[in-house]
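Fit chains B and D to the supplied structure of chain S, relying on the hints for placement.
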Amino acid sequence: MMSQDQTTVAVELRHVVKKFGSFTAIRDAHLSIYDNEFFTLLGPSGCGKTTLLRLIAGFEEVTQGQVRLFGKDLQDLPPNRRPVNTVFQNYALFPHMTIAENVGFGVRMKGASQGEMQKTVERMLELVRLTDHAHKRPSQLSGGQQQRAALVRAIAPSPRVLLLDEPLSALDLKLRQAMRIELKQLQQETGITFIFVTHDQEEALSMSDRIAVMSDGVIQQVGPGREIYEHPRNRTVANFIGETNLLGAIVHEKSGSGATLTLEDGSRVMCTDNVPVGVGESGQVLIRPEKIVVSATESSSFGLHCKLASAVYLGTDTQYVLRTDGGLTLTARMQNVDDTAMQMSTGSSVVAMIEPAAIRWLADGD
Amino acid sequence: MATEIGRDDGQAAGAFDPLKYWLILPAWLVIGFFLLAPICLVLVFSFLTKEFRGGVIWEFSLAAYDQFLFDRGLFGDEPPRIQWTYIEVFGRSIFQAGMATLLCLVIGFPTAFYIATRPRRVRAVWLFLVTVPYWVNLLIRTVSMKFLLRDSGPLNEFLLFVGVVDEPLGIVNTGLAVQLGLFYSYLPFMVLPIFATVERYDFALSEAAADLYADRWTVLRKILLPIVAPGIVAGSILVFVPSLGAFLAPDMLGGAKNFMIGSLIDEQFNGNAGNWPFGSAASMILLSLVLVALFFYARQTGRQGRA
Amino acid sequence: MSKVAYVKRYTGFLTMTMVCLTILYAPLIIVAIYSFNSSPSIIVWEGLSLHWYWDVFFGIESGKFKTAAWNSLSIAVMASLTSTTIATAAAIGILRGRAFRGRNLSFMLISMPIMVPEIVTAVATLIFFSAIGFVLGYSSILVAHIVFCIPFAYLPIAARLRGIEPVFEEAALDLYASRGQLFRHVIFPMLLPGILAGLLLAFIVSLDDFIITNFVKGAGIETLPTAIFGAVKQGIKPNIMALSTIMLLVSIVCVTLSYLLSRVGSHGGRE
Numbered sequence: 001m002m003s004q005d006q007t008t009v010a011v012e013l014r015h016v017v018k019k020f021g022s023f024t025a026i027r028d029a030h031l032s033i034y035d036n037e038f039f040t041l042l043g044p045s046g047c048g049k050t051t052l053l054r055l056i057a058g059f060e061e062v063t064q065g066q067v068r069l070f071g072k073d074l075q076d077l078p079p080n081r082r083p084v085n086t087v088f089q090n091y092a093l094f095p096h097m098t099i100a101e102n103v104g105f106g107v108r109m110k111g112a113s114q115g116e117m118q119k120t121v122e123r124m125l126e127l128v129r130l131t132d133h134a135h136k137r138p139s140q141l142s143g144g145q146q147q148r149a150a151l152v153r154a155i156a157p158s159p160r161v162l163l164l165d166e167p168l169s170a171l172d173l174k175l176r177q178a179m180r181i182e183l184k185q186l187q188q189e190t191g192i193t194f195i196f197v198t199h200d201q202e203e204a205l206s207m208s209d210r211i212a213v214m215s216d217g218v219i220q221q222v223g224p225g226r227e228i229y230e231h232p233r234n235r236t237v238a239n240f241i242g243e244t245n246l247l248g249a250i251v252h253e254k255s256g257s258g259a260t261l262t263l264e265d266g267s268r269v270m271c272t273d274n275v276p277v278g279v280g281e282s283g284q285v286l287i288r289p290e291k292i293v294v295s296a297t298e299s300s301s302f303g304l305h306c307k308l309a310s311a312v313y314l315g316t317d318t319q320y321v322l323r324t325d326g327g328l329t330l331t332a333r334m335q336n337v338d339d340t341a342m343q344m345s346t347g348s349s350v351v352a353m354i355e356p357a358a359i360r361w362l363a364d365g366d
Numbered sequence: 001m002a003t004e005i006g007r008d009d010g011q012a013a014g015a016f017d018p019l020k021y022w023l024i025l026p027a028w029l030v031i032g033f034f035l036l037a038p039i040c041l042v043l044v045f046s047f048l049t050k051e052f053r054g055g056v057i058w059e060f061s062l063a064a065y066d067q068f069l070f071d072r073g074l075f076g077d078e079p080p081r082i083q084w085t086y087i088e089v090f091g092r093s094i095f096q097a098g099m100a101t102l103l104c105l106v107i108g109f110p111t112a113f114y115i116a117t118r119p120r121r122v123r124a125v126w127l128f129l130v131t132v133p134y135w136v137n138l139l140i141r142t143v144s145m146k147f148l149l150r151d152s153g154p155l156n157e158f159l160l161f162v163g164v165v166d167e168p169l170g171i172v173n174t175g176l177a178v179q180l181g182l183f184y185s186y187l188p189f190m191v192l193p194i195f196a197t198v199e200r201y202d203f204a205l206s207e208a209a210a211d212l213y214a215d216r217w218t219v220l221r222k223i224l225l226p227i228v229a230p231g232i233v234a235g236s237i238l239v240f241v242p243s244l245g246a247f248l249a250p251d252m253l254g255g256a257k258n259f260m261i262g263s264l265i266d267e268q269f270n271g272n273a274g275n276w277p278f279g280s281a282a283s284m285i286l287l288s289l290v291l292v293a294l295f296f297y298a299r300q301t302g303r304q305g306r307a
Numbered sequence: 001m002s003k004v005a006y007v008k009r010y011t012g013f014l015t016m017t018m019v020c021l022t023i024l025y026a027p028l029i030i031v032a033i034y035s036f037n038s039s040p041s042i043i044v045w046e047g048l049s050l051h052w053y054w055d056v057f058f059g060i061e062s063g064k065f066k067t068a069a070w071n072s073l074s075i076a077v078m079a080s081l082t083s084t085t086i087a088t089a090a091a092i093g094i095l096r097g098r099a100f101r102g103r104n105l106s107f108m109l110i111s112m113p114i115m116v117p118e119i120v121t122a123v124a125t126l127i128f129f130s131a132i133g134f135v136l137g138y139s140s141i142l143v144a145h146i147v148f149c150i151p152f153a154y155l156p157i158a159a160r161l162r163g164i165e166p167v168f169e170e171a172a173l174d175l176y177a178s179r180g181q182l183f184r185h186v187i188f189p190m191l192l193p194g195i196l197a198g199l200l201l202a203f204i205v206s207l208d209d210f211i212i213t214n215f216v217k218g219a220g221i222e223t224l225p226t227a228i229f230g231a232v233k234q235g236i237k238p239n240i241m242a243l244s245t246i247m248l249l250v251s252i253v254c255v256t257l258s259y260l261l262s263r264v265g266s267h268g269g270r271e
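Residue numbers (our numbering), protein chains in the order written: chain S, 1 to 366; chain B, 1 to 307; chain D, 1 to 271.
Please keep in mind that the hints were generated in silico from the structure rather than gathered at the bench.
List of simulated lysine to aspartate or glutamate pairs, EDC-like, C-alpha gap at most 20 angstroms:
hint, chain 1, residue 1, chain 2, residue 2
1, D, K233, B, D151
2, D, K217, B, E267
3, D, K237, B, E157
4, D, K233, B, D251
5, D, K8, B, E199
6, D, K233, B, E267
7, D, K237, B, D151
Bound-form chain S, shown alone (with noise of 0.2 angstroms):
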């Protein structure tokens, strides 16, 4: 979560529109994000979440709306007199110039002096381990450097703000886990505000203070890490970030602490989520699949009776395809603690439990 002033508002989006031709990029983007902060931007490819990027590094002009930096209109204002850098997804790291030039590159042009760029870059090269590197052009260098130099040539002219394409999509995964922590610390260390954006949901997770979900060109949902992911707003969000069950459901009975509800089968599950529709109406309810916790044995009143339809082994944990007598189907996860899954066979009968709590009522239909 935040640690820092959250009154300061580093970039803020004013109902920016996007269009390319007759294809709307981003639609009536609104957005405020504050000063320290590590926000992501998240969505599938083609949601609008580079373009938004974009729009903030100068490289487009927005069509409607306004973008501001510390309060101030960027209008008009070109990339090259923004006090904004970029880090590039695939680095774009001067391939005629060696590392140390590359890294100088934007305090050089900002106009400081030979001794001060030295300063900056030697300052800059250390603080991601280059230094024996410094001569070298960046074809020499592996996947993980070049992102490192990238990353520290947009540091280098100290920008207010930092802009992030996809920077570790390139390198392997171990790589990528390793590079997601030292992100972080370096967002922390610099204390500059990290716009990061990415397709990846637990690189959006692991790093973010706060997400944002974009998907259609519309920013779905705006909160921390854990707000979107235990209360999406809708079903875009819902199945975007993390494994879902989507179930329809009509409130049965409400009462102070919940409400009890019929799901598509019949079947009744209590909810002690907020449900803000009256008795009678229907609407749609999530469920993660870890939250399901599947036994053979009946020893719960939450319980609903299935069939097990299939078991993955999947390493640490076990996916479960489960068919409730009345037909509908459900996906459950658990860890393999012990050796449960193994005693559960295709087509036994088990009992699906569902914590009140885990079940969420969505707040949009659609």
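For chains B and D alone, kept in the frame of chain S given last:
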């Protein structure tokens, strides 16, 4: 994808966008003033009256085109008969250019194919070997060809010495020599586009066909050829077009009997004929033939681009 | 890759390739060999000698050749430098500006000197110069050469520029470079191999041109190709073969350089 559309829409940030017209202007001015305008002037000249020993009189006349098509006798008062002389020159030019194209295709296709199937590193070297002679002065290449093919030249000497022939072959001053000369002039234009298409061809398709019991040559004919056809068409047009208007090869290797459009035009300006309107008319006819060929080429590459 | 896959092997294709290379190289090699013949006759071989090379530089015709060579070289240097500058500017304008209506037309205009048959260009230029009263001579040759060199310079430059991803431009702008700095520190150094390749090609094309030069040169001035053409009219002489061999070597050196340049740092572009 949004970013891709962004790129298509214009090139990225387009820092040079505000300057683009100024950057292109010099090229427009130079080529427009010294090539496009002059070509329009050639069209005008082809409708003017000739002045003896070069130049024109600024009076409208259809004489140039009339002379091209009709024979009205020595004093121009006889009833017009079709004049075959110049039509024959054009016909011969088209024939020779066509034969040269065929020659380039027969030798160029296997070469391009062979090069395209070499390992990547060696490929560039082979390609380089094929293109180097193109950059050697055309005049020197043509002179060398003539030197080699002469009756008393090294080729005939060698053949006589070995005993393959009893007397020199007499290649120089024949159509064959012209075709060889044209082949020599423009071969890389055939090899490069074919090479490009064969290199992009996915040989898994050939393997699939071979797996389904097609033999090598059936695979070549039924699978590869239809797919690389655009490259062959492109190469053929690229050889045919410059061959049509060639001057050096027919002039130096063909002799008087085999002269082509290039020599006909040259004769009007540098030779004894000195008929500028007629030379202009012949140039315009040549240019329109070329434009027709290039139109097909553009359509072909357009189709390739869409595929 | 020791063995080529079944479907890539065709009997006779290697033979054809060899035939192709033989036809391409045999005439050049034979002329080069005969240029070392000591005999004044081109038919009889009388042994190795550098006599005809001496003759090119110091013989009776050497003055004519030297003047022609000077004309050829000075025109080629000026024409290639001018046309490369024009082509570089045009390539950046066409490929780095946003799409505009005249873009395709601009490209067609630039490639026009390659598309139009040389003899037609020659006729057009001669007629144009005589119509505007431009005196034929050194400067008319130079102007004509600048025009037809532009597409040859343009092609390698444009190819190189297309390989430089726009993202490098964005990165430079993002790091506070002005347009001038962007060109000086990023575009120009990355484009340089293409520019040099274009310069060399333009240089060779200018050095080699015969047809257009022959039309627009007027009386009393010769370039190397027109001088050689004039000399060959009276039959091929051994000194011409020596001269040809020298020019052949110059061409091959230039093309090799241009080829190597176009490969320099091409790995710098990213996938």
